[in-house]
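The hints should help you fit chain C onto chain A, whose structure is shown.
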Amino acid sequence: MFSSFMLNSWIVATMVAIVAGVTGMFVIIRGNTFAAHTLPLSTFPGAAAAKLIGVNEFWGLITFAVLGVVGISQLSRHQRNDVATALTLITLLGLGTLFLSLSNEYSQGVYALLFGQVLGVSRGEIGPVALLSVVAVGLMILLFRPLLLNSVSPDLGTARGISNQRIALLFLAILGLATAMALPVVGALLVFSLMLGPASAARLLTDRPVRALGLCVSIALATVWLALALSYTTNWPVGFFVGGFAALSYGLGRGWAWARAARSIHEVIAGR
Amino acid sequence: MNYLIAVIFQPGFFVSGPVHTAMIIGGGAAIVSAWIGVFTIIRGQSFAGHALADVSSAGGAASFLLGINPMFGFLGMAVLAASAMEFLGVSRARERDLVTGIVLGAGLGLTALLLYFDVTTRSTTGAATSVMFGSMFAIPASIIPAVLIIALAVVLLVAAIYRPLLLSSLDSTLAEVQGINVRLIGLLHLLMLSLAVTLSAMTIGAILSTALLIGPAAAALRLAKRPGVAICLAALIGVGATWGGILLAYDSYNWTPGHGWPVSFFIVTIIFAVYLLAGLPGRRGRLGIPTTNRLMST
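Line order of the protein sequences matches chains A and C. FYI, the numbering for the first sequence is 1 to 272, going by the numbering used here. FYI, the numbering for the second sequence is 273 to 570, going by the numbering used here.
Bear in mind the hints are in silico, worked out from the structure with no lab data behind them. A hint or two may mislead.
Per the computed footprint, the stretches of chain A lying under chain C, defined by three or more beta-carbons under 8 Å from a beta-carbon of chain C, are [what the hints assert, rightly or not]:
(1) 82-95
(2) 196-207
(3) 238-244
Even for Gly, the Cβ is constructed at its ideal location relative to N, Cα and C.
Same shape as in the complex, but just chain A:
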């Protein structure tokens, strides 16, 4: 499980988990779930396009991540946010089907890009992923306070001179960056599971932003490591475990919140 070819996978998966954990918390606070699902899916045609013209996969992914971010922000100027997101998604995915069909790698390529191929990470992929994750996490740390303020109370943020539009665009850009790096590993369809699951549990466990962030990253790491180990032993797709653990974290988080509420009610009654 820890042989040399698996080592690359462990390193990349760890970086992916850290970035997903950090961005995931804000995805939930800001209610950007649909965008977090759309950006990876609309980024994946980039990989097919890059294969078609024969350049490095990463350039294709970055290009389409940018297209996705621009599409969502431009269309939502004249349209409801969720409709704009859906329109961006279908347009870029439509292009994706064309690229995939022209590049003759239809079935196998589709499966790997959609559901991830964590066991086949090459050494050359580590460099770009590391660079992107440092940029993404760095941006998140720089923007932590304004982003938090804007997400929790947009009006208060505006009063402090933080532009809502700019913050929203910036956050989408970080999201695009994070998905472009995570996509080849976890797959387009399940990147957002890795963002949602840990964060949905963490926000119920603590009220403090920094502690919640730490919890997010820890749960994301646990999810990815477990998923990787199980995927290695069972040979089942890693995406299945990531999606399952995300749902499990959410369920446990809700159970915990429910139990705590029940206990506090009980204490109140007993106290009287």
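Below, chain C alone, put in the same frame as chain A:
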């Protein structure tokens, strides 16, 4: 003139059996999706519509594995996911999106696993593409009656509950005051949504069925002032885009010899072009849909 017609409609287009089947089923799916799509957009449930379509792909993958009719697989999974969302559902919009996302993630994980079993046990390598991106020209003609019955049922149901559905979609508080059972209407809408996405998932694929659901409806809502007009317009755009896409895909076999371009690509491109054109006359929102919207969804 004859030459032009021969170029547009390549020989064999009107007599090809698979083309007929694709046009009937695609047309039915487009009409149903467009009708439901208008209400879905007004209710702000685009994400739920997309999620149901994606999750239904697990059913499609399962039916490949079990060797049953894909329609029942897609349909069963879509209804299951709709009930899960309703069961876990919360009234706050942001929390509802999160629940949708979690159900979507779990469902897609299941799809990944089932497709993996498809590939390993039955060596059907095309399963992933045909479930996710559709296989319009490979639909058996035998399911035409079932598809038409579902389409008709949805259209009739929408007609029957048109007013309460519209009112509760536009303003649920007002609807409640008028004595409408908003929760029941919401449940019916979700059920019809599952039926609609099932039909389009079979034709243009699970992850692109959102195109037929949201695209024509969004374009129509840009053009029409009245909801009734918007629904008819959306159906027209949907059917036009689907048939146009089938025609172009059939023609494309001659552009790149021996290798056609995917139908889904043409359908989506036509829909998006219509949407952009619909915005040209005037950039004003209709039906209480805000024109300018902050990036952050609220």
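For each hint, the structure was consulted:
{"no.": "1", "hint": "82-95", "in the structure": "holds (count 12)"}
{"no.": "2", "hint": "196-207", "in the structure": "holds (count 3)"}
{"no.": "3", "hint": "238-244", "in the structure": "holds (count 6)"}
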